[in-house]
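With the hints as constraints, model all of the structure from the sequences given.
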Amino acid sequence: MRYGEKSNLKLMLQALCVGLIAGVVVGFFRYGIGKTEAFWLDLFKKSHQNPLWFIVIVAGLALTGIIAGYFVKQYPHVGGSGIPEVKLQMQGKLTLQWWPILWRKLIGGIMVIGTGLFLGPEGPSLQLGSTIGQGVGQGFKQTKTNSRVLLATGAASGLSAAFGAPLSGALFVLEEIFHNFSPRVWMNALVGAIASNFVVSNLFGQKPALALAYNHSFPMPLYWHLVLLGLILGLLGHLYKLGLFNFKKLYAKITFIPRWLHGLIPLVILMPIMYYLPLITGPGNHLILSLPKSIAYSSWNLVGMLAIFYVIRIAFSIVSYDSGLPSGIFLPILTMGALIGATYGLFMVQLGLLPQKLVINLIIFAMAGYFAAIIRAPFTAIILITEMVGSLLHLMPLAVVAFIALLVDQLLGGRPIYDSLAAAMEPKSSEKGLCGEEDQISIPVYESSKLVDEKIEDVKWPDDTLIKVIHRGSQDIIPHGDTVIAAGDLLVLAVDQNRRGQVYDAIKKLQGVELDG
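Under the UniProt record's numbering, the sequence shown has 338 at position 338, and the numbering climbs by one with no breaks.
Mixed in with the good hints, there may be bad ones.
[What the hints assert, rightly or not] Straight-line Cα separation of at most 27 Å, BS3-like style, residue types lysine-lysine; simulated pairs: (1) K293 - K253; (2) K144 - K509; (3) K93 - K357; (4) K6 - K73; (5) K293 - K35; (6) K207 - K144; (7) K248 - K93; (8) K468 - K10; (9) K508 - K468; (10) K73 - K357; (11) K93 - K508.
[Unchecked claim] Pairwise CB distance ranges, derived in the manner of DEER restraints: (12) E438 - I67: 34 to 44 Å; (13) I67 - I308: 25 to 35 Å; (14) D476 - Y223: 42 to 52 Å; (15) Y31 - Q74: 24 to 34 Å; (16) D453 - I308: 51 to 61 Å; (17) K455 - G243: 41 to 51 Å; (18) D476 - P355: 50 to 60 Å.
Source of the hints: derived by calculation from the structure; they are not laboratory data. All C-beta atoms, glycine included, are put in the ideal place defined by N, C-alpha and C.
Structure (structure tokens):
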């Protein structure tokens with residue numbers, strides 16, 4: 001066995017370790033959230049019989065907000081979903097300690113998400129997995145490049161374990177975080193994702209988060225519904241992002257409460273919602289799974305009720321997430337998409353423009369469309385929904401809705417939500433002295449790139465950067481000054497580890513296209 005093959009095998013075995021450990025950690029994370037959720041639901045049920053239980057509820061929620069807030073005060077990157085942090089780590093713009101993040105995110109996430117706030121476990125699961133990947137990389141004393149592969153593997157493993165969807169876990173990391181369909185990254189991420197899903201399925205007995213079944217194909221003459229639904233999803237997805245970013249400014253104006261205690265605000269608002277409408281609380285998986293029964297009979301009252309549920313979900317999701325508590329928005333986004341699909345579908349049923357049996361189809365299509373519009377990862381959206389519902393029969397309508405919704409958001413000037421969140425927290429660049437330690441960055445050359453057909457010597461590369469090798473199909477080319485760059489090439493650059501993020505941004509400008517496509 002050649003050295004390169006032996007090295008790749010070692011890395012794959014380490015990726016397997018990452019996946020197995022991530023499966024155990026995220027499986028426990030999901031289990032803890034489920035038990036905590038049941039605990040709070042039971043307390044609120046008891047409060048209906050004896051109002052004195054509200055004393056316990058208020059004290060418990062206050063303690064939750066204080067403990068989780070203190071974790072965020074100690075390590076600010078424990079707050080939120082963690083996906084923007086992982087993106088910045090992959091770009092070399094952020095360095096984090098893995099262990100302090102891991103245990104605080106694990107405990108804080110269970111406490112916060114289990115209360116019933118409109119927050120999800122998927123983003124935190126991804127960050128938990130990434131910290132495990134980082135820890136394994138450090139434990140095996142891997143190179144910077146291989147450490148990033150393991151970081152990406154951990155992220156894919158965490159998301160796979162959270163959703164029970166290994167393909168979309170690996171695909172999301174490539175499409176949204178790594179921005180590079182490198183076979184090396186893809187294979188290791190998939191190995192980790194499959195391993196973590198195996199653990200949560202067999203050790204914890206956990207099933208996919210949204211196991212919805214639908215058997216009716218969507219007829220071609222009714223595809224105009226998909227176009228209209230996609231337009232609505234794109235518009236509402238764009239409005240959601242505007243709300244999420246602008247509400248942060250409102251939180252910033254609240255000075256009479258310390259920033260680390262802002263999580264108490266949504267916890268106070270949660271109490272009446274949890275008391276009167278427990279079904280719509282939490283990440284939303286219970287609400288989504290209840291929709292097939294709810295839509296069995298259509299009425300204008302039901303249309304209005306679902307629309308109100310959507311308004312409550314979008315408003316309180318923004319209030320909850322912007323408080324900075326450890327949490328995610330993946331599942332809440334899917335829940336809002338499902339409510340839009342149900343509302344639209346029943347509205348059309350009432351008008352006599354849609355058969356009742358096809359409403360469930362629109363619920364599922366709308367989840368993919370809303371996800372694609374907000375997160376701007378359409379392939380992940382399509383594969384994720386396909387994996388969770390367990391059917392390949394509806395790829396075409398899923399794709400139509402997802403890409404129309406994405407296009408609407410793009411035309412309105414929207415950006416991928418995690419790119420915007422990452423840009424907001426990106427450390428200001430500072431001039432660092434070169435330490436002499438080499439790192440690598442892999443740059444895909446797109447068809448529309450300005451680098452296509454340029455000679456290496458004619459490109460003004462960033463300072464202290466060396467093109468080490470060009471991967472072109474199955475060939476590895478050692479470049480010279482007169483080597484011509486072709487579309488589809490993967491350039492491997494040697495850079496100083498302290499300037500990796502700056503080089504990444506400089507290459508963006510050189511290409512004339514975003515490296516995230």
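### Task
Could you check the structure against the hints above and give me the numbers of any it violates, in ascending order?
Hints 1, 3, 4, 6, 10 not satisfied by this model.
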